[in-house]
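The primary structure of each chain is shown beneath.
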Amino acid sequence: DAGVIQSPRHEVTEMGQEVTLRCKPISGHNSLFWYRQTMMRGLELLIYFNNNVPIDDSGMPEDRFSAKMPNASFSTLKIQPSEPRDSAVYFCASSFSGSSSYNSPLHFGNGTRLTVT
Amino acid sequence: KQEVTQIPAALSVPEGENLVLNCSFTDSAIYNLQWFRQDPGKGLTSLLLIQSSQREQTSGRLNASLDKSSGRSTLYIAASQPGDSATYLCAVRPPSNTGKLIFGQGTTLQVKP
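Chains as they are written, first to last, in my numbering: chain A, 1 to 117; chain B, 118 to 230.
With the rest of the complex left out, here is chain A:
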């Protein structure tokens, strides 16, 4: 089991540039989550997908943020244009959610550390 795979591990970009973060969930998992972690605000849920469908994007801070899940094995989080206040660690996590496996633990990737200058 390779776990949740995120890329890149680190991203440094200039304000105004587009940033794309990528995630490959654990095979067989049907729920995918994007979290953002900062010292000030802790761990915040941005958006989550169930069976590739966005269920709740109320945590997405602004229209500059968008997320897609074109298939069960890939998701992207895009920021366009990026701003210095977007600097944070972005985590992707996955789990299996179903009537018979309701309480599947959440598995996290190692995160992407984004710095916007």
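The hints are simulated quantities; they were obtained by calculation from the structure and are not laboratory data.
Only true hints are included.
Distance ranges between label pairs, derived from CB positions:
1) A:Thr115 / B:Pro125: 25 to 35 angstroms
2) A:Arg85 / B:Gln198: 31 to 41 angstroms
3) B:Gln119 / A:Glu62: 16 to 26 angstroms
4) B:Asp184 / A:Asp56: 20 to 30 angstroms
5) A:Ser27 / B:Val130: 34 to 44 angstroms
6) A:Gly3 / B:Gly177: 14 to 24 angstroms
7) B:Leu136 / A:Arg113: 25 to 35 angstroms
What you are looking at is a predicted structure, and each value in this text was computed from that prediction instead of being measured.
Where is the CB? At the ideal position from N, CA and C, for every residue including glycine.
Since the structure of chain A is already known, use the hints to place chain B on it.
Same frame as chain A, but now just chain B:
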């Protein structure tokens, strides 16, 4: 709105000591509660998951308890070791079928040799 609080924010203990980390939540309607560990520069690793119908779960030197009615959970670490130094987060899962979790801010533990 469900809120999760962890106290203390930081804790430093000598090696070998037993310790308790606290987690409280405002809405007792939860499906489960998870404890995670986060090492610097890493993602979160699930330690224990307690279902709403359970009172506790144990794994090695770790024991987590759940009291839904009072909105509390504790993580007990026995015979602490320097390798236990990390940030510990608890998260509750509200009633839903999608697995969304609500996290506390975490307790950063330092175990001194």
